[in-house]
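Which chain is which? The protein sequence lines are A and P, in order.
Each residue of the first sequence is one higher than the one before, starting from 42 at the first, in our numbering.
Each residue of the second sequence is one higher than the one before, starting from 42 at the first, in our numbering.
Careful, some of the hints might be misleading.
Because identical chains share one entry, a pair is satisfied inside a single copy or across any pair of copies.
Derived lysine-lysine pairs resembling DSBU-like cross-links, with alpha carbons at most 35 Å apart [said to hold, decoys possible]:
#, residue 1, residue 2
1, K184, K128
2, K111, K101
3, K192, K111
4, K68, K192
If you are wondering where the hints come from, they were derived from the structure by calculation, not from laboratory data.
Number of protein chains: 2
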Amino acid sequence: MSPSNSPNLTPNLALERKPERKKSAAKSAAILDGAMQEFLANGYAATSMDRVAAAAGVSKATVYSHFHDKSSLFASLVQELAEESFKATSIDLRDASTFTGEPREVLTRLAREILDEATCDPKFCEFIRLIIGESGRFPELSKPYIQNVAKPVIDGLTHYLSTCETLHLNDPEASARTFMGTLIYFVMLQRLLGGAELMPMESDRIVTTLVNLIVPTC
Amino acid sequence: MSPSNSPNLTPNLALERKPERKKSAAKSAAILDGAMQEFLANGYAATSMDRVAAAAGVSKATVYSHFHDKSSLFASLVQELAEESFKATSIDLRDASTFTGEPREVLTRLAREILDEATCDPKFCEFIRLIIGESGRFPELSKPYIQNVAKPVIDGLTHYLSTCETLHLNDPEASARTFMGTLIYFVMLQRLLGGAELMPMESDRIVTTLVNLIVPTC
DNA sequence: GTCTATAAGGAGATAGAC
DNA sequence: GTCTATCTCCTTATAGAC
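Starting from the given sequences, assemble the full structure and let the hints guide the process.
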């Protein structure tokens, strides 16, 4: 109980150079990185803690000292990915320049950005695959995705659509879901399910058609 | 080589009552049934062959006598489910009455049927979850789904939309994908990811908005 | 053709040295 | 705090009786 023995009581000294020996956040990040690599590639059940440890460059016991068990490591990873993905897509939503211009231009630009991100960032597709695939056994884990990714995007788009009087949309939120659904379904068929060979489709045709449906032409 | 010894050469006799002792198709069906139950509930990696055997009411050795290994059993199951699902949804497409009436009525009816099936048949959602979740490690297995389920629906809808001159659609196939994408994304968010609580939405609003976007109102 | 019993290996999780 | 070594259970797949 005597504070003189406690190593916690030397915080003001210039010893902060090496935060090594206090369950370093660096190790935690490395473990989450290894977990990301393995879980995204193999899914939950097919990923072993040995491989996570190897991918992280630490021993298995270290993994268990940072995370109580496999499922809580998985939960932490999903949480982190949801927030990271959120940042990636929400930059667009909070940036005013995203929504400046004619509705036709704005929606075209937005659709292209979303498809580009899905195409160029393989982690994005793998994350969606993981969330959908494991949401049956981990129902709670879809919440971070909904709250941090899907809902902000739908809400932001809904707000934008509701401010465009020229579009005369009766139900902006349902329209926003049509917008996102068209894009996500395209990614799902072409990228996730490898439909590019069996039923090819150019992304520009999807974007053009989608924008034409929402922005009245007559 | 002598055909007189071949058991195949007694097809005309009245012995067809008991096809028991020839790797009975009934057992195969029972195994596939058990496999369906387990794989749909747990995914591929988390399903054990012991539980498949138990669910099928046979021993594990019997499972291995009908299917070479776990992955080929899984492949057979996916193939069967894709064909079964295909029948379920393609009845609508081959039935002429599905496409009779005003485009607005036809599309509304079709959208409601698809959402109803996704809502009432839990196997439908679990199958989609399984296909998406495992398509990373079993890329071939998404082909039966694409060929037997997704492509026929898109193609049938594309053909219908292209015959509706009143709709003046520039790109019927891209429009068909918008139609299906909106519905599947709705099912994905609300049913698969449990978004019903966090971002509720009535299916009727989706259907109404979707039909209004495709069928011109002015 | 179907069963019981078992082989061979990998999984999650922990004990104890340092 | 991190490691090596280990415990225990469960996995896929097969061998051999009937």
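Hints and how they fare:
1. K184 x K128: both (16 Å within a copy, 34 Å between copies)
2. K111 x K101: both (11 Å within a copy, 29 Å between copies)
3. K192 x K111: Result: close within a single copy only, 28 Å intra versus 38 Å inter.
4. K68 x K192: So K68 and K192 pass the 35 Å test inside one copy only (32 Å; across, 47 Å).
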